[in-house]
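J.: Spelled out, the chains give:
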Amino acid sequence: MYLPSGVYHETYAATHAWWQSTFVRAKMVLLVLFVLTLPLYTNLYVISVANIILYTILSALGVQLLIGYCGQITLGHAAFIAVGAYVTAMGVLFWKLPYPVAAVLGCLLAGLWSVFFGLPSARIKGFYMIMTTMAAQFITVDFIITHYVSRVGGREHYFSLPPGTITIGGWPVDSEIKVYYLASVLTIVCLAAMANLLRTRVGRAWIAIRDNDIAADTMGVNVVYYKLLAFFAAGVLAGVAGAVWIPSLLFVSPEHFQLSWSLWLVGVVLIGGIGSLHGVVFGSLFVTVILEMLKLAVFPLSEFYPALTERFLYVKEAAFGLAIVLFLLYEPRGLGYRWQQVKNYFNLWPFAY
Amino acid sequence: MRRPVLWMVALALALPLLGGPGWAQEIKLGSLNDLTGPTSDVGKDIALGIREAVQYVNDTGGINGKRIRLYLYDYGYRVPEAITTYKRFRDFDRVVGVLGWGTGDTEALSPTVGKDRIPYLSHSFSAKLTDPKTAPYNFVYGTDYSSNARAAMTAWFEEVWMKDPRFREARSKAEKPRVVMFYAFPVPYSSAPIKALKDHAALLGFEVGPDQDVSLVALDTKSQVLGAKAFKPHLAWHGNTTMSVAATIKDSHALGLGADHIVNNWGYDENLVRLAGPAGEGVMGAAVTAFYGDRVPLMDKVIEYGKRMNPGLPQEARMIRTVQSWVQVLMMAEGMRRADRAGKFTGPGLKEALETLKDWTPGLGKPPLTLTATDHRPGWVIPIYRIKGGKFELVKQVDLKAKWPKQWDGEWFGY
Numbered sequence: 001m002y003l004p005s006g007v008y009h010e011t012y013a014a015t016h017a018w019w020q021s022t023f024v025r026a027k028m029v030l031l032v033l034f035v036l037t038l039p040l041y042t043n044l045y046v047i048s049v050a051n052i053i054l055y056t057i058l059s060a061l062g063v064q065l066l067i068g069y070c071g072q073i074t075l076g077h078a079a080f081i082a083v084g085a086y087v088t089a090m091g092v093l094f095w096k097l098p099y100p101v102a103a104v105l106g107c108l109l110a111g112l113w114s115v116f117f118g119l120p121s122a123r124i125k126g127f128y129m130i131m132t133t134m135a136a137q138f139i140t141v142d143f144i145i146t147h148y149v150s151r152v153g154g155r156e157h158y159f160s161l162p163p164g165t166i167t168i169g170g171w172p173v174d175s176e177i178k179v180y181y182l183a184s185v186l187t188i189v190c191l192a193a194m195a196n197l198l199r200t201r202v203g204r205a206w207i208a209i210r211d212n213d214i215a216a217d218t219m220g221v222n223v224v225y226y227k228l229l230a231f232f233a234a235g236v237l238a239g240v241a242g243a244v245w246i247p248s249l250l251f252v253s254p255e256h257f258q259l260s261w262s263l264w265l266v267g268v269v270l271i272g273g274i275g276s277l278h279g280v281v282f283g284s285l286f287v288t289v290i291l292e293m294l295k296l297a298v299f300p301l302s303e304f305y306p307a308l309t310e311r312f313l314y315v316k317e318a319a320f321g322l323a324i325v326l327f328l329l330y331e332p333r334g335l336g337y338r339w340q341q342v343k344n345y346f347n348l349w350p351f352a353y
Numbered sequence: 001m002r003r004p005v006l007w008m009v010a011l012a013l014a015l016p017l018l019g020g021p022g023w024a025q026e027i028k029l030g031s032l033n034d035l036t037g038p039t040s041d042v043g044k045d046i047a048l049g050i051r052e053a054v055q056y057v058n059d060t061g062g063i064n065g066k067r068i069r070l071y072l073y074d075y076g077y078r079v080p081e082a083i084t085t086y087k088r089f090r091d092f093d094r095v096v097g098v099l100g101w102g103t104g105d106t107e108a109l110s111p112t113v114g115k116d117r118i119p120y121l122s123h124s125f126s127a128k129l130t131d132p133k134t135a136p137y138n139f140v141y142g143t144d145y146s147s148n149a150r151a152a153m154t155a156w157f158e159e160v161w162m163k164d165p166r167f168r169e170a171r172s173k174a175e176k177p178r179v180v181m182f183y184a185f186p187v188p189y190s191s192a193p194i195k196a197l198k199d200h201a202a203l204l205g206f207e208v209g210p211d212q213d214v215s216l217v218a219l220d221t222k223s224q225v226l227g228a229k230a231f232k233p234h235l236a237w238h239g240n241t242t243m244s245v246a247a248t249i250k251d252s253h254a255l256g257l258g259a260d261h262i263v264n265n266w267g268y269d270e271n272l273v274r275l276a277g278p279a280g281e282g283v284m285g286a287a288v289t290a291f292y293g294d295r296v297p298l299m300d301k302v303i304e305y306g307k308r309m310n311p312g313l314p315q316e317a318r319m320i321r322t323v324q325s326w327v328q329v330l331m332m333a334e335g336m337r338r339a340d341r342a343g344k345f346t347g348p349g350l351k352e353a354l355e356t357l358k359d360w361t362p363g364l365g366k367p368p369l370t371l372t373a374t375d376h377r378p379g380w381v382i383p384i385y386r387i388k389g390g391k392f393e394l395v396k397q398v399d400l401k402a403k404w405p406k407q408w409d410g411e412w413f414g415y
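Taken in sequence, the protein lines are chains V and B. If you use the working numbering, the first sequence corresponds to residues 1 to 353, in order. If you use the working numbering, the second sequence corresponds to residues 1 to 415, in order.
Misleading hints may appear alongside valid ones.
In silico lysine-lysine, DSS-like type, Cα no more than 27 Å apart, as pairs [as the list claims (entries may be wrong)]:
(1) K195/B with K96/V
(2) K250/B with K198/B
(3) K96/V with K115/B
(4) K388/B with K229/B
(5) K28/B with K316/V
(6) K115/B with K295/V
(7) K295/V with K44/B
(8) K316/V with K44/B
(9) K178/V with K115/B
(10) K295/V with K28/B
(11) K66/B with K295/V
(12) K176/B with K198/B
(13) K133/B with K96/V
(14) K178/V with K295/V
Just so you know, the hints here were simulated from the structure itself, not pulled from any lab data.
If we strip away everything but chain V, and leave its shape as in the complex, we get (with noise of 0.2 Å):
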C-alpha cells in the first residue's frame, strides 16, 4: 500500500482505514459532491445517461461478487433482477404496500430465490454451475414470469405504474433527477457495504473458495454455507437493482430482463476487471458511454447513410464482443488494474517504481 512521507499509522484500526491521507479524503469528498450535483450543471439526457449507469453498477455488483470473489461464474443474474423487479411493482400495484417496503421485500425474496439456484453450487461447480445459472435466467424470466406473472392482474401481460405511486415517505419519486439521487445514494450504500464486507470473515472466506475451494474446506471454511451466503448478497443486491429500475421507467415487461442482459453484466465485469470494486464502476462507466458516443456518432452520420442507424443494432453488439475480445487480449486485467497503474504512476512520479 503506497503512502507519502509522513504519514504513520498508530493503531490498527488507522492501519485499516479506508481513506488515509488528506489527500485521499479531500478527494473522496469532492467526488461525493460532485456526484450529488450533477443535476445542476448539466441536461436531463445526461441525468437519464447516469441512472443507466448508476443501474449497470447494482446490477454488476451481484455478478462481481459471485463471479470476482466467489469464482462461481453467473450468467443468470438477470433473472434476480427480475425478480427484485417484480416483487416491488407488485408489492406497489396490487398489494398498495409503500414503495421502500415492497423494495426490502423484493430484495429480500431475489435473495431466497437466488439461493435457491444457488443449490446445486453444493454439487457441482465450473461449466456444470453455468449450466445452472442458465437456468435460472430461462426458468425464471422466460417461463414463470412471462407466462404467469405478467398475467396477474390481467394487464395484458405488462405492468405499467401511473405516475406518483412510487412515494418514500410521502416524497414522490417521479422525475429523472429523483430517480438520480436515489440511484446514487443506494450505489454508494451498496458499494461501501461490499467493501466492508469484503473485508469481514465472510469475504475472506468467499475469496478463499474462489482461489481453492478444497483448501478452504480443509482450512475449516464451510464451502457451501459461504456460497449460498454469496448466493443470497448477491440476489440482495439484484433486487436492489430491479427496485431502482422500477421507479426510472414506471414500467416492467420480461423484455428487460433477457439473457442477453446477464451476458451484458458479465461483459462489464470483465471490462472493469474481475475481483474489483473499482472495475464494476468503470466497467458500467464504459459500456453506457461508449454506447451513447456510437450514438452520437450514428446519428449526424445517418443523413448522409441512412444505412447506418438501420444496421445500428448489429454495430452495436459488434462493439461490445469487440470490446471484451480486446480487453482479454490486451488489458485481461481490466479497467479497474489500469486505474491503479496510473494513480501508481503518479504517487511515484518523477521516478519509474
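Could you slot chain B onto chain V? The hints should help.
T.: Structure of chain B alone, referenced to chain V:
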C-alpha cells in the same frame, strides 16, 4: 501502427461535432423502428417508407418552407431501448414529435409523453392509445386492433358463415361457430385485442376454443395447431406479424385444421401471399391503407421514391408497409403545417393541430380520418379483404358505428 488507428477513431468520434448545427430552418422528428427484432418482418419496409416519405415532404416544400430532419433509430423491439432512446430524442435531440412503433413500448411511454407533452404518432394501433383521457398525446393513423378484429370477425360471420354452402348443415342444426386464437401471449401487440375479440365472439354467438401461444419468431407451430384441432374450429384468428402467421397458416393447411383464417393488419400483406402459397387462399384480414402498387391517388409518388431512393430493392419486394409509413409521415407533416400556420409550433400546439384533422386523407386508399380533442379513434369503417388467386379482393366495408352505435360510443371506446 497504433497511431493512425487512434487518429481514425478520434476522427470518427469528432465528425458529428463538426457537422452539428447549421440548418436554421429545421424541424426535428424522431422515429423508433424495428429493423432487427422479432417484428422486423414488417418493420424494415416501414423504415424505408418513412425515409422516402420524409424526403418527399422535404422535396415538396417541407413544413411551410422548413425542412424535416429525421432521427430514425432501430431499437430491436426492446422496450427499455425504446425508452432510453425516447429520452434521448426528448432531452438531447429535442424533437417536436415522435413516430413510434410497437405496442409494448408505446403503451409504456404513454404516461411519459403525456407528461412531456410530445405528440407520439405510432404504428401501434392498440385501442388504449385512442382515448385522450388516458393517453392525451398518443395518436394512431389506422383503425385500432380491437376494431380490426371485430370487423374481421363480423365480415366472416356475415359473408362466410351465413352464406357459404359449406356451413349449411351446421347452420341448419343451429350449431354455434367455433373460433380459436393464435397469438404470442407475452407480446402486448398480439394480446391487445383479445378481450375485445372474446366479447365480440360472445356478441355474435361464437364458441371460443383454447388460446394458442405462437411466438413472433415461430417457424414451427404444429403443436399449437394440433392443440387447436381437438376443438374442431370453423375460424382461426391470428394476432402476430406476417412471418409467424404464415407459418401457422401453412401448418394448419398441412395438418388439416379445416378452419378459415382471419388476420390482424400487421400479419396481412403481400408477403403473406408469397409465404403461405396455396395455404393462403381465402385468408381474410384487415388493411388500413391501399396495398403497394394499387391504383389510388399518390401511389405514383410512392413508387417513384421507392425506385429512386432504394434502387437495389426490387419493386415486387415492396409492401403495404411502405404505404402505411407514407400515411404516418404525411399525417404528422399535415399536423405540423397546421401548427406552424397557427403560430404554435410546440407539443401542445401540434396536438391541437392534429385534433383539427377533419375528413382528412392523403390519398393512398386511406379512409378519411377525423380526430377530436375527446376521441383519437381514426375511423369506424374497416375494409376487410380476402386473398383470391394470389391477389387481394375487397370482401366488405364493415361499418362498426352503424351496426353497433351504442357500444361504439360506449363500452368499446379505449380498449
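J.: A separate judgement is required for each hint: does it hold in the structure or not?
T.: Hint by hint, here is what the structure shows:
1. K195/B with K96/V: holds, 26 Å
2. K250/B with K198/B: holds, 25 Å
3. K96/V with K115/B: Holds, at roughly 24 Å.
4. K388/B with K229/B: Judged against 27 Å, a Cα distance of about 25 Å means the pair holds.
5. K28/B with K316/V: It holds: about 24 Å lies between the C-alpha atoms, which stays within 27 Å.
6. K115/B with K295/V: Holds, at roughly 25 Å.
7. K295/V with K44/B: It holds: about 20 Å lies between the C-alpha atoms, which stays within 27 Å.
8. K316/V with K44/B: Answer holds: K316/V to K44/B is near 18 Å, not above 27 Å.
9. K178/V with K115/B: Answer holds: K178/V to K115/B is near 16 Å, not above 27 Å.
10. K295/V with K28/B: Holds, at about 16 Å.
11. K66/B with K295/V: holds, 25 Å
12. K176/B with K198/B: holds, 14 Å
13. K133/B with K96/V: holds, 24 Å
14. K178/V with K295/V: holds, 25 Å
When held up to the earlier numbered hints, the structure conflicts with none and fits them all.
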